[in-house]
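**Student:** Residues per chain, in single letters:
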Amino acid sequence: MTEPALPPQVSTWNSPEMAKRLQGRYAAERRFKAIGAGAVALSLSFLAFLLFIMLRDGLGGIDWAFLTGSDSTDADTAGIWGAFKGSLLTMGVTLALSFPLGVLAAVYLEQFAPRNRWVDWIEVSINNLAAVPSIIFGLLGLAVFIQVMGLPRSSALVGGMTLALMTMPVIVIAGRNAIKAVPPSIKDAALAVGASPVQAVFHHVLPLALPGILTGTIIGMARALGETAPLLIIGMRVFAAAPPEGVTDTATVLPMQIFLWSDEIDQAFVQNTSAAIIVLLAFLLAMNGLAIYLRNRFETRW
Amino acid sequence: MTETNRISARNVKVFYGEKQAINDVSIDIASEHVTAFIGPSGCGKSTFLRVLNRMNDTIPGCRVTGEIKLDGQDIYGPDMDVVQLRARVGMVFQKPNPFPKSIYENVAYGPRIHGLANGKTEMDAIVEKSLRRAGLWDEVKDRLTDAGTALSGGQQQRLCIARAIAVSPEVILMDEPCSALDPIATARIEELIDDLKGRYAIVIVTHSMQQAARVSQRTAFFHLGTMVEYGPTEQIFTNPREVRTKDYITGRYG
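Protein chains in written order, with the working numbering: chain A, 7 to 308; chain B, 933 to 1186.
Chain B with its partners taken away, still in its complex shape (with noise of 0.2 Å):
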């Protein structure tokens, strides 16, 4: 199988204020895989992943530099268009924030506001594909009706997920999905990360470095600021060519 890049970065800097956040990053991410962001907390991993989006620019103070092109395309450039640009590059944040509606209407907002859905019946179509997508069909089929916010924390964060794939995203970042989530939560979602690699790009950023080599084909690792070193994950956990990348994997610091 070639690989393609849905994203590749060179060179980017992110800046909040005077601060340094990110210094001189450059990553390829490929559509087949999963890649996995790791590295102690404030590495920028997740304000890494939130460059990719755009969802730092709600960020007053907040600069980037370098390139970041989606399928050839600079996303911070003149003619990129960063409502469409979130529709391609979903997200899934830390905390499950589903809206305070209706299951049916948090799947169905994406598509209605995108006009993706001609009548009823086609919304009626997406949603069910969504969440039959996220694993959840089964469990809220009976009550698309109840409220997003009364499910549990896992069937939450499923929800939000088919949230994002409502929208056919090319790319689906998520910043931590799991770390609000129980391990069996948690263990149903690396399953759909598993199930959803081969139609999406998936980039997840992670605390545990286990949940890294479980669901990821690739690994990169972040500490203060600069990317470390980025490869198979099987290559990262097994045989780091970095000594700061091996330190941080067997356990010394972070």
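Next up, chain A with everything else stripped away, as it sits in the complex (with noise of 0.2 Å):
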């Protein structure tokens, strides 16, 4: 058998064929990193462009009369509270609801559920699930919630309800993951001393996967936040001149008030419209700050 030939050898590492096959690859580094850096700063801009649009138009609309007030046809009176309880209604019902589903479903099928057909068509439907198009889950929020359960229709229960819906698989997605990043052999300690499956994955597993869930958790919450299409379904476009007392009350929510204030034909209301979507990223950039934050407070490192 021959041996498969190798390339000659290089007679010098200093010649001057190699110094310019060196400059060639510092070249193609130099243009990567410029391009990497002109991607990054074009989206920068974008934002940094919509920011500055809407902080000149929008900061001078905000006192306290804007945060404190209900929506009007004035748009000098009107206000960004009724919206604003009505998002935080929401998204009370709809952390409420998908958390605890969405954690328990994580935990059953990363640690519990045997492996076979029914369970990996399980998963793909959940994956599945997180991408449907928000609108599919407003018709069945109103076909499901209103006509059949006959709940009230514009109101924060079902809003949050329809957003659960859509939570609830970021939440498993992401609470598997986390779960996943657990190492086993925490488990097999607790299994070794005699603890219960149960007890192993509530003393041991769940508590380390904590962060990563919440984590996730909050992003879920935040996307269900900046919806609009699926409440528009269920009948959130109205006008609702005082806060909602309670979660049946008819409400409506941040981004919906944008919708509506954004139609009007008063062009008083452009500066409404714009100091309505500072209160909405100031709320966003909170929850994304809690994220963060709870990710590196409580990070376990191995």
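The hints are simulated quantities; they were obtained by calculation from the structure and are not laboratory data. One should not assume that every hint holds.
[Said to hold, decoys possible] Derived PhoX-like pairs: lysine-lysine, alpha-carbon spacing no greater than 25 Å straight-line: (1) Lys1027(B) - Lys1052(B); (2) Lys186(A) - Lys1073(B); (3) Lys1052(B) - Lys186(A); (4) Lys1033(B) - Lys1073(B); (5) Lys1052(B) - Lys1033(B); (6) Lys1027(B) - Lys1178(B).
[Said to hold, decoys possible] Looking from chain A toward chain B, a few residues come up when the C-beta cut is under 10 Å (computed): (7) Arg121; (8) Pro189; (9) Pro190; (10) Ser191; (11) Ile192; (12) Asp194; (13) Ala195; (14) Ala196; (15) Pro213; (16) Pro217; (17) Ile298; (18) Asn302.
Note that CB positions come from ideal geometry on N, CA and C, so glycine has one too.
Make one complex out of these two single chains by using the hints.
**Tutor:** What follows is the structure, encoded as structure tokens:
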């Protein structure tokens, strides 16, 4: 058997051909860095432009009356509190439903479910559910919660339930990844001192996975907070002159309020729209900040 | 001293799906001894160890046939409670795996879930006694609230031994407990095994034949899923009956 031929040995690493080759490689390196930095700058400039326009148009509209008032036909007296409270109530319903359901489903699928075709099928379905366009969840909410179950239209309750359908698969996926990241040796350790499987999971695995689960939950909630389409369908496009008192009252939410004001003919509402966007963005940033804080604060390093 | 058999296994076969990992192993493990399982990688010694406290139950597709009795009770029988079994047959793993909690909590967890302590004073006593037996008390007594994961590797492994001791097991299974440790930490664990052998039946899986020779009174040699030879450690190392055992301990393979 003949040996495959190796390339001829380089006579010297200092030859001009080698130097030229190296130069070419360095140039490719510089080109990539420039293109990468350009991509970052371009995307940031869009965000900066948006922020600049919003702040220029809206900052003047943010005052105490705006932050504490509700919707009004008069742009000067219209405020954001009604929609803000509607968002809080809706998010509360969403969290109360999707968090326990999502976490329990994630724990079951990751730690207890048998490995078979049915479970594989459920896993694929959950991943697909997370990708379903939100307007379809709105139609489902209208058909099931309002028409079949007879829950009050335009309420934070129905809005929250609809958004919970959307958020649950996100929490399941984040939860499963967080649970998977806990080393199996910890569960083994608990089992080996005689913990039952449920004890091993709830005493050891779940607490270690919780920061990851919370991060995923907050990101899912932030997405739900900005959601408008499904809420349009279940009738949260309403003029609510007073903040909702409870989850069954007629309510609207922040993005819906922005949508409603942006549709007004009265030019005075332009400032209100921008101001409402600033409030919504501040809310979203606060949630994402909380997610980052939780991740850094409770992350366990192995 | 008359020997009492803690564990007696008869015709044990273990399958992972279609693949057979253990073929027809019968062995008696005495309570007064340290029993070592030696053999080349993949010979089934760790698999057999994990069968003894049913840690293999967590592996999908794993099937065990034959009979394994702990104090005369079939551990795969319908009236054996696996949670109780694992409290009676403790386990120490290859890589130290303390819970990412305080040193105290690491030891107290087992007694707490089994309800072995009445109140804080009793629990404190169990924790102290377990850590003393594991030879770790003097090093950690002033920092019981520190994280168990902040200890050195050798200390972590002794913490894991203390955690196993805390539920008063009858048998302690050790799966290559020193393979992640330096020689000094290894020597401390070996001393500890020697101290513990009167109280607990100890079964240790090891890659190091020297370690088997140092700590055990009985040695079982495994090869390709079967137990080739089992006898007093001295006889296995000086006068093995089987050619395969002799070839392995003289370093011809493995």
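**Student:** Hints first: check each against the structure and report whether it holds.
**Tutor:** Now for the hints, and whether the structure bears them out:
1. Lys1027(B) - Lys1052(B): violated, 30 Å
2. Lys186(A) - Lys1073(B): violated, 34 Å
3. Lys1052(B) - Lys186(A): violated, 34 Å
4. Lys1033(B) - Lys1073(B): holds, 16 Å
5. Lys1052(B) - Lys1033(B): holds, 18 Å
6. Lys1027(B) - Lys1178(B): violated, 30 Å
7. Arg121: Cβ of arginine 121(A) sits 6 Å from chain B, so the hint holds.
8. Pro189: holds, 8 Å
9. Pro190: For proline 190(A), the interface hint holds, since the closest Cβ of chain B sits about 8 Å away, which is under 10 Å.
10. Ser191: At about 4 Å, which falls below the 10 Å cut-off, the nearest Cβ of chain B leaves the hint on serine 191(A) intact, so it holds.
11. Ile192: Since the shortest Cβ distance to chain B is 6 Å, the answer is holds.
12. Asp194: For aspartate 194(A), the interface hint holds, since the closest Cβ of chain B sits about 6 Å away, which is under 10 Å.
13. Ala195: Nearest chain B Cβ about 5 Å off; hint holds.
14. Ala196: holds, 7 Å
15. Pro213: holds, 9 Å
16. Pro217: violated, 12 Å
17. Ile298: Interface hint status for isoleucine 298(A): violated (21 Å vs cutoff 10 Å).
18. Asn302: violated, 16 Å
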